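A.B. asks: The chain contents come next:
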Amino acid sequence: MTKVATRLVAAEILKIRTTRAWWLFIGGFTAASVLAAVFNSGSNDNLLHPTLSDYPAGASRDAALAQAALARTAAGAVSRATSIMTSGQFLLVAITLMVGVHIATTEYGSGTMTSTFLVEPRRPRVVVAKVIVSALFGVAFWAIATALDAVATPLFLAAEHLPASAFGSPVVVRATAMGLLAFVLWALFGLGIGAVLRNQVVAVVVAIAIYAGGFLAVELIIHLLYDAFGASWLLSLAVLAPVQASNVMITAGKAFPDAPPWWVGGLVLAGYGVALAAVGATSISRSDVA
Amino acid sequence: MVIVVAVLVVGGLIWLLQRNRHAGRGLGPPPAGAVTNPGLPSATYDGEPVAASRRPLGRIEVRGLTKEYSGVAVVDDVCFTAEPGRVTGFLGPNGAGKTTTLRMLLGLVAPSAGVAEIGGFRYARIEEPICLVGAVLEASGADEGRTGRDHLRVLCQAAGLPRSRADEVLTAVGLARVGRRRVRAYSLGMRQRLGLAAALLGDPQVLILDEPGNGLDPAGIRWIRTFLRSLAATGRTVLVSSHQLGEIEQMADDLVVIAAGRVVAAGPLASVVGGHAGLEEAFLELTAGTEGIR
Chain A
0 MTKVATRLVA
10 AEILKIRTTR
20 AWWLFIGGFT
30 AASVLAAVFN
40 SGSNDNLLHP
50 TLSDYPAGAS
60 RDAALAQAAL
70 ARTAAGAVSR
80 ATSIMTSGQF
90 LLVAITLMVG
100 VHIATTEYGS
110 GTMTSTFLVE
120 PRRPRVVVAK
130 VIVSALFGVA
140 FWAIATALDA
150 VATPLFLAAE
160 HLPASAFGSP
170 VVVRATAMGL
180 LAFVLWALFG
190 LGIGAVLRNQ
200 VVAVVVAIAI
210 YAGGFLAVEL
220 IIHLLYDAFG
230 ASWLLSLAVL
240 APVQASNVMI
250 TAGKAFPDAP
260 PWWVGGLVLA
270 GYGVALAAVG
280 ATSISRSDVA
Chain B
0 MVIVVAVLVV
10 GGLIWLLQRN
20 RHAGRGLGPP
30 PAGAVTNPGL
40 PSATYDGEPV
50 AASRRPLGRI
60 EVRGLTKEYS
70 GVAVVDDVCF
80 TAEPGRVTGF
90 LGPNGAGKTT
100 TLRMLLGLVA
110 PSAGVAEIGG
120 FRYARIEEPI
130 CLVGAVLEAS
140 GADEGRTGRD
150 HLRVLCQAAG
160 LPRSRADEVL
170 TAVGLARVGR
180 RRVRAYSLGM
190 RQRLGLAAAL
200 LGDPQVLILD
210 EPGNGLDPAG
220 IRWIRTFLRS
230 LAATGRTVLV
240 SSHQLGEIEQ
250 MADDLVVIAA
260 GRVVAAGPLA
270 SVVGGHAGLE
280 EAFLELTAGT
290 EGIR
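Top to bottom, those sequences are chains A and B.
Read in order, the letters of the first sequence are residues 0 to 289 in numbering that gives the first Met the number 0.
Read in order, the letters of the second sequence are residues 0 to 293 in numbering that gives the first Met the number 0.
No lab work stands behind these hints, which were simulated from the structure alone.
All values reported here derive from a predicted model rather than from experimental measurement.
Yeah, the Cβ is synthetic: ideal placement off N, Cα and C, and Gly gets one too.
Check before you lean on any hint, since a few could be wrong.
If you only want the chain B side, here are some residues facing chain A, beta carbon under 10 Å, derived [what the hints assert, rightly or not]:
{"#": "1", "residue": "Gly119"}
{"#": "2", "residue": "Glu127"}
{"#": "3", "residue": "Pro128"}
{"#": "4", "residue": "Val132"}
{"#": "5", "residue": "Glu143"}
{"#": "6", "residue": "Ser163"}
{"#": "7", "residue": "Arg164"}
{"#": "8", "residue": "Ala197"}
{"#": "9", "residue": "Ile220"}
Beta-carbon label-pair distances, calculated as ranges [unchecked claim]:
{"#": "10", "chain 1": "B", "residue 1": "Val71", "chain 2": "A", "residue 2": "Leu179", "range": "18 to 26 Å"}
{"#": "11", "chain 1": "A", "residue 1": "Asp287", "chain 2": "B", "residue 2": "Pro40", "range": "32 to 40 Å"}
{"#": "12", "chain 1": "A", "residue 1": "Arg124", "chain 2": "B", "residue 2": "Gly63", "range": "25 to 33 Å"}
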């Protein structure tokens, strides 16, 4: 079984590497990571050195200066380091989500599902290989982004004369580790959506809609319920939106005022991924390939 | 701001993906320099003959096979066998249920009732199935954006075969010179050959082909006929569906004729043709009254 799993996983990786999707994903992701690190360093630099002419003299200028001073403290330096170590994570995770959708749907679009199932008619094995490869992509993308950020962060701290020790602080390490979890879970989430929907275009649109706007719908429903019943625990249900779950998981403090502990977010996100993948795997295993 | 950038980049990525996927789907002229006649390789099969003791593994047996879609049977209680060492022609008008039957035999479509077995096993129960059964369904079945060679290498990897098999079968079907081109540049004939190459990867004892002559030029049709005959001559089982009755008449030992999902004739070619002037007359009479189903 392990031998079969190894070769099916290798075949799934080869499938991606032998089309342009490979360069699109790896190249696109690397370019996006570089841009994210550069822009994010720039905006953190702005925070430390506010352009005073942009602020009218008085309260708002004082606030900008106070914020800059705060950013210079030891805690502020740790925040800067955390920010740069997770540069552009919202966007980069979305690309990982697309990889998951791609792995699940592309064979239905191109018609290679037939030959895949002729080689391995035990379909759950094929699905497991796709799950493993999606998770591997999550790890690989996280590694690319983290490697780039790990170069940018010490450079930034040195250039800004902030304490270099901020780089190794437990807060930074935690944020980076949670990033890994987010990359892997979102890749699996994409795979699950793709497996359930199968049509690549539909799956991409739905995945983006859930990622970019799904929390608004959940938020709306929760606030309507809260207005009706007034129980404050209802507000913590915002974690049921996948993006909020992800936020709750990666945020060191409270992602929103009534947020549950971080691991609840992780469980919710993993739960969606597992449930979608299970439904998708069942339907893929049972349905006819025409 | 961040969200706008995120949406733009992700949107651009999707657009690129889709453009990439749909490029080459059109009917434009083939790219300059595309090889249109890859040249015909030796038509005989030079693989090892199947030992007599292993031949029962190659017997195809279909019993009571039925497939219903929302209560309507498209394949209805079909029974037939295909024997090792013989070419069995599988005939029927459009919509008769040929493709559905072959897909059930290959475990791609779940039967509503009945069994389809190869060597006594359902396809999904066969270990390393492509080393026993090779199948050609639609032309190539490959990703347009992948090269023919890479398509075969992916299948080798999944099946645990050495990747060098890809080059061997490309040569066997006459595609060695175009193996490194993307499939979107292939003609229909080249796609058919690529499909056949995939079927040959595991050097199978059983070949199942759904209209393999589609899109081939006369030389290609003759080549495939000779090729399938030589496979049968080494003790392999060949089950081939076709509309080209003249071809089948020259190539097949046995026939199975279905119409409207039911077997209307089965047996050696001569007995199916019977007292008719030829296969075409026999076929038209056997399937008369079932036109217009699709």
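A.B. asks: If a hint holds in the structure, say so; if it does not, say that too.
C.D. replies: Do the hints match the structure? See the list:
1. Gly119: violated (16 Å)
2. Glu127: holds (9 Å)
3. Pro128: Pro128 (chain B) check passes; min Cβ-Cβ to chain A is 6 Å, inside 10 Å.
4. Val132: Holds, about 8 Å.
5. Glu143: Status holds, d = 7 Å.
6. Ser163: Result: violated, 15 Å to nearest chain A Cβ.
7. Arg164: Violated, about 13 Å.
8. Ala197: holds (6 Å)
9. Ile220: violated (24 Å)
10. B:Val71 / A:Leu179: 18 to 26 Å: At roughly 52 Å between Cβ atoms, Leu179 (chain A) and Val71 (chain B) fall outside 18 to 26 Å, so the hint is violated.
11. A:Asp287 / B:Pro40: 32 to 40 Å: holds (35 Å)
12. A:Arg124 / B:Gly63: 25 to 33 Å: At 29 Å between Cβs, range holds.
When the structure is compared with the earlier hints, violations turn up for hints 1, 6, 7, 9, 10 and for no others.
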